[in-house]
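First to last, the protein sequences are chains A and B.
Counting from 1, one number per residue, gives the positions in the first sequence under full-length UniProt numbering.
Counting from 1, one number per residue, gives the positions in the second sequence under full-length UniProt numbering.
Since the hints were made in silico from the structure, they are not lab data.
A couple of the hints might just be wrong.
All copies of an identical chain are treated as equivalent in the list; a pair is satisfied when it fits inside any one copy or across any two copies.
Said to hold, decoys possible - Under the rule of at most 20 Å between Cα atoms (straight-line distance), these lysine to aspartate or glutamate pairs were calculated in the EDC-like manner:
1. K600 / E126
2. K536 / D101
3. K536 / D336
4. K372 / D407
5. K362 / D408
6. K600 / E106
7. K368 / E523
8. K240 / D408
9. K536 / D422
10. K465 / E102
11. K372 / D583
12. K364 / E159
13. K361 / E113
14. K362 / D343
15. K600 / E122
16. K593 / E102
17. K364 / D228
18. K123 / E141
19. K465 / E530
20. K323 / E245
21. K600 / D101
22. K605 / E122
23. K323 / D585
24. K123 / E110
25. K473 / D138
26. K323 / D279
There are 2 protein chains.
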Amino acid sequence: MRLLNSRTNFKALWLVTFIFCVLSLTFWSRQCPEEQARPALSHGERGDYYDQEKPNPDALPNAAAPPHHLSILTADSSQLNPNALPPGRHKYQPIECLINDEYSIECRRENEEVYVPFNFLEKYFEVNGHIAEYDGYDRFEWQHSYSRIYQPRGPYSPEGIFMSFENYNVEIRDRVKAISGVEGVPVSTQWGPDPYFYPIQIAQFGLSHFSKNLTEKEPRVTVFERGDGQVGTRWDVPGKQAQVESVTDKGCSCRVLQFHTDVLPAGFGPTLMLGATSDQILSFHVKFSPSAVLSNVSVVVDTSYKKQYILHYTSGTDLISAKGTNIYYGIGPRPDWSLITRDLLCDLRKGVGLSNSKSVKKTKITIKRVSKVILQGAGRISNITMATSSHIPQFFDAADWFVRNQDDAGGWPINVVRKLVDGMQELPPGWYSAMAQGQAMSTLTRAYTRTRHRRYLDAALRATKPFRVPSEKGGVLAVFMGQHRWYEEYPTTPSSFVLNGFIYSLIGLYDLQQTAPGEEGKEAAQLYQEGMRSLKALMPLYDTGAGTVYDLRHFMLGIAPNIARWDYHTTHVNLLQLLVSIDPDPVLAGTLKRWVGYTKGRRAKHN
Amino acid sequence: MRLLNSRTNFKALWLVTFIFCVLSLTFWSRQCPEEQARPALSHGERGDYYDQEKPNPDALPNAAAPPHHLSILTADSSQLNPNALPPGRHKYQPIECLINDEYSIECRRENEEVYVPFNFLEKYFEVNGHIAEYDGYDRFEWQHSYSRIYQPRGPYSPEGIFMSFENYNVEIRDRVKAISGVEGVPVSTQWGPDPYFYPIQIAQFGLSHFSKNLTEKEPRVTVFERGDGQVGTRWDVPGKQAQVESVTDKGCSCRVLQFHTDVLPAGFGPTLMLGATSDQILSFHVKFSPSAVLSNVSVVVDTSYKKQYILHYTSGTDLISAKGTNIYYGIGPRPDWSLITRDLLCDLRKGVGLSNSKSVKKTKITIKRVSKVILQGAGRISNITMATSSHIPQFFDAADWFVRNQDDAGGWPINVVRKLVDGMQELPPGWYSAMAQGQAMSTLTRAYTRTRHRRYLDAALRATKPFRVPSEKGGVLAVFMGQHRWYEEYPTTPSSFVLNGFIYSLIGLYDLQQTAPGEEGKEAAQLYQEGMRSLKALMPLYDTGAGTVYDLRHFMLGIAPNIARWDYHTTHVNLLQLLVSIDPDPVLAGTLKRWVGYTKGRRAKHN
């Protein structure tokens, strides 16, 4: 006020006028946050879809009372919104929410309604949600379960898709160390950092490729070398140090490529340019010469990391190793013709993510271009092919592994220590798993159905043997309270009664009884029927009224129930869906319906 | 700019300066909604407790980020809050919440946080909450369970309080038709509209009065008539039609009041003025003369309904009837001296709420004044007393009922049809309940301990008999899968394995083995130990990881689990608390801890 009272000259007044002018403009243009809601509408800003004059057409269906509109100030605050609710109806305030007399969180209050932050609900109830934008505005998508139930494509058939395994990609799991070059199947670090062959993983690998083969479209296949010796046009052979020629092989009575090189640095040798872009499944027939110390089929790939990597498939037997941008897979000496099928992207990622821990490190590397194939050492090669997929050879890699690795007791021993929970004895290496036996049956019966080779069926039939041997005697049989036979995924003492593994074993037995009808399949049929009786009797014990338990450890040990997390719960649902399609029992169907409901937040009634 | 370029005189410049000054102030003082949070504080407006300078001491412990302030409009918008957050951080809008892809509700969004209306959560999760005001502001009190866990006052003793029954008030339950005048115990309509004696309810009535006697303070007792014949000073006797005199009674060798009247209209007869206000337990000794057709002791009460009601205790045997403001209870012919104890408020409410359905109608009627006692018919009366409570006589009414009504098989047959659930056979009238047997034991042993009258202990010992008889042969014994003996609250076929009733029966057996040690209590001890073994083995089957199931019907029938509503869950907890105080078994203690946690929203871990 002193400023105004004092005597000012014209210039000073101009300055004051100017200052107030600037101040006026500044304050006027200072937007209140809410004021940005409406103008932003036309700017398409996220979430600002709300318009008080046009009520949201997606308003909640059960809101009989008029929705409480919010106070939104517009840029022109002198305008009165004729639709505004009377004053006092808009209170929107923080309110303390005192949770179970234990602690407080900050909620919001609007008249008599209280709004609870999802941040709290998420942890308190373990529900899931996120803001998603589509159709031009944001929604909050609340999901009770984060895991998906796969709708079966049709009734289950032992010759068809296995459950929903067409959606599985076993080999990319971080507990798969690598795909063995020697065996063509995944090597696991599921229960320990030392890689081992885990028959369950191998069967799932096989069954997923079998199922993908039935559901995916025909792959694009490009043969780059048929062994017909178009050498020179496509092969770049470095001078004296290497030879490549097309010869007639007596084994296959066909033209193949014979190669021989001196010991050369990595990346040098007869080179076939491919330039394949999106097709990342490499396959070839190969036969290494025992005369060479080490032979290699190497593949150079351009990657999204802007580096070239070289995948070396060597005549050694080491599972996997990496040195700089060189990744080595031993595919074994292979003195006889055999087919190698490799998923180059998988092989690259396992190499880039190689670690000494249980988990392969995550990497997002992709292959931009499969550049070339380089040969080293000595041997014969043919049918160098790139394809978008090659499921059937991968499936048979799994089936053949089961044929080769079954022991005299009919089992596939699992060579890793497994400790399920305190209070149960740990399983020493060499245990059988009913799930592994069953999944092997499902793999082997499909291999038999496709080929009619007895070796597959015989292995599957032998695989029933551990089902009659109690867990404590090295088998997989548990008996619930002396009455209900149960085939144990983990044959612990005391028994654990893991649900999903048991049902997988039942599906294997079903596949076998269907594939080997009559006397031969009688044992499988009996085991299946007894198991199904147990399942129907005990299934209610897995039902919490809001989800399922994974096993019956709580009953066996007198401890807390081991609630199945949502992806195990949906596995239970997916398995039940399969069973319901082959057994019309109403208890199964009723349970399935209820268990599906749990994933949507429904619960069993209380009394 | 034209304004600045044009020629202005000094006055005009002053005017412009002034205008800009006003504009500046106007725009400057135009409050953004957030800025008003603080002024509202001083207005003491509901919920406006939040103060940015002094963070809310009850803020959630995990809220690391600063809370998002809210828009609150106040009447006085000319104040500026210097603590305002920077603009753009305050978006508060409706957002559609899409629930499990099934339906939508309207939520609120504030920056990246989404707020979900409690109205939805309440139904979806069945949680409880309400706005409560105390300490000068409102809080939202979230309660996971609506039911209360009673902290035990100390370790359990068979001579002490029964569980937390001092908090029970059995007689006011709407499924108690009335307190029988003849028997002095509640008559039930629990499982059907026709009233019957339900031994469980009778025992709970007795045990609650026994426990209240140990926990409540001494009652205030006023004796209005000792039989010493102060007639004339306090009795108003209408002329020729009635006589009242003090006589010496041979039976009691004491002075009592003898009365005789003609047949008179209701409310007429020798009258004793009481004028008692808050004491509502009436008791008197009475002996009706068989010569009178009908005798009455009637009590006139002034009520909150501004009407007088008359409670007639007649020598008839009808349970209860009502006609206008007259309510009749038959207390039987009573040719010998006996003590009548009546809860006048309970008797009034049962009469006012009398209906033909299973439930007594709710009424809020209260007694303002117990005005007078009127005698009709013929008999002798003494010790007319009003008291604030009279628990021990009520307890013995229950204990004596059990002594009088036990059958040869040691049981108290329940004469009502009971259908537990579809799939189980209905129990025809006459079934025994292990819970009734056990609760009777708890009542009878306490009566024995207090009186040392063998009839109470003998009845309790006989009550073990049905525990060895299988349900299908009329007993209460079920055996879970041929291994675990279980005493059935409802001895259904198939068995139902109701948890709470079983534990009540164990407590009865425990009381009995403690009260009758040595050879006599051996059977009870054995039944108790076997039952406890079963309980510890099967308890995990009742644990859902977030609550409990009421029974094992889901296992027996292959249906949905029957989740225990919160008051049954807390009954399970209260029962476990009792057991833990007498048995240090770690499974019991661990289960108790977990089950208490469930009432606070904690859950068993998932895998």
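Hint-by-hint comparison with the structure:
{"no.": "1", "hint": "K600 / E126", "in the structure": "both (13 Å within a copy, 15 Å between copies)"}
{"no.": "2", "hint": "K536 / D101", "in the structure": "neither (42 Å within a copy, 31 Å between copies)"}
{"no.": "3", "hint": "K536 / D336", "in the structure": "neither (50 Å within a copy, 63 Å between copies)"}
{"no.": "4", "hint": "K372 / D407", "in the structure": "neither (41 Å within a copy, 96 Å between copies)"}
{"no.": "5", "hint": "K362 / D408", "in the structure": "neither (39 Å within a copy, 76 Å between copies)"}
{"no.": "6", "hint": "K600 / E106", "in the structure": "between (27 Å within a copy, 18 Å between copies)"}
{"no.": "7", "hint": "K368 / E523", "in the structure": "neither (52 Å within a copy, 82 Å between copies)"}
{"no.": "8", "hint": "K240 / D408", "in the structure": "neither (52 Å within a copy, 112 Å between copies)"}
{"no.": "9", "hint": "K536 / D422", "in the structure": "between (28 Å within a copy, 19 Å between copies)"}
{"no.": "10", "hint": "K465 / E102", "in the structure": "neither (55 Å within a copy, 47 Å between copies)"}
{"no.": "11", "hint": "K372 / D583", "in the structure": "neither (52 Å within a copy, 76 Å between copies)"}
{"no.": "12", "hint": "K364 / E159", "in the structure": "neither (35 Å within a copy, 72 Å between copies)"}
{"no.": "13", "hint": "K361 / E113", "in the structure": "neither (47 Å within a copy, 32 Å between copies)"}
{"no.": "14", "hint": "K362 / D343", "in the structure": "within (17 Å within a copy, 75 Å between copies)"}
{"no.": "15", "hint": "K600 / E122", "in the structure": "both (15 Å within a copy, 16 Å between copies)"}
{"no.": "16", "hint": "K593 / E102", "in the structure": "between (37 Å within a copy, 16 Å between copies)"}
{"no.": "17", "hint": "K364 / D228", "in the structure": "neither (38 Å within a copy, 102 Å between copies)"}
{"no.": "18", "hint": "K123 / E141", "in the structure": "both (16 Å within a copy, 18 Å between copies)"}
{"no.": "19", "hint": "K465 / E530", "in the structure": "within (15 Å within a copy, 39 Å between copies)"}
{"no.": "20", "hint": "K323 / E245", "in the structure": "neither (31 Å within a copy, 118 Å between copies)"}
{"no.": "21", "hint": "K600 / D101", "in the structure": "between (29 Å within a copy, 9 Å between copies)"}
{"no.": "22", "hint": "K605 / E122", "in the structure": "between (23 Å within a copy, 15 Å between copies)"}
{"no.": "23", "hint": "K323 / D585", "in the structure": "neither (57 Å within a copy, 58 Å between copies)"}
{"no.": "24", "hint": "K123 / E110", "in the structure": "between (24 Å within a copy, 19 Å between copies)"}
{"no.": "25", "hint": "K473 / D138", "in the structure": "neither (59 Å within a copy, 65 Å between copies)"}
{"no.": "26", "hint": "K323 / D279", "in the structure": "neither (25 Å within a copy, 94 Å between copies)"}
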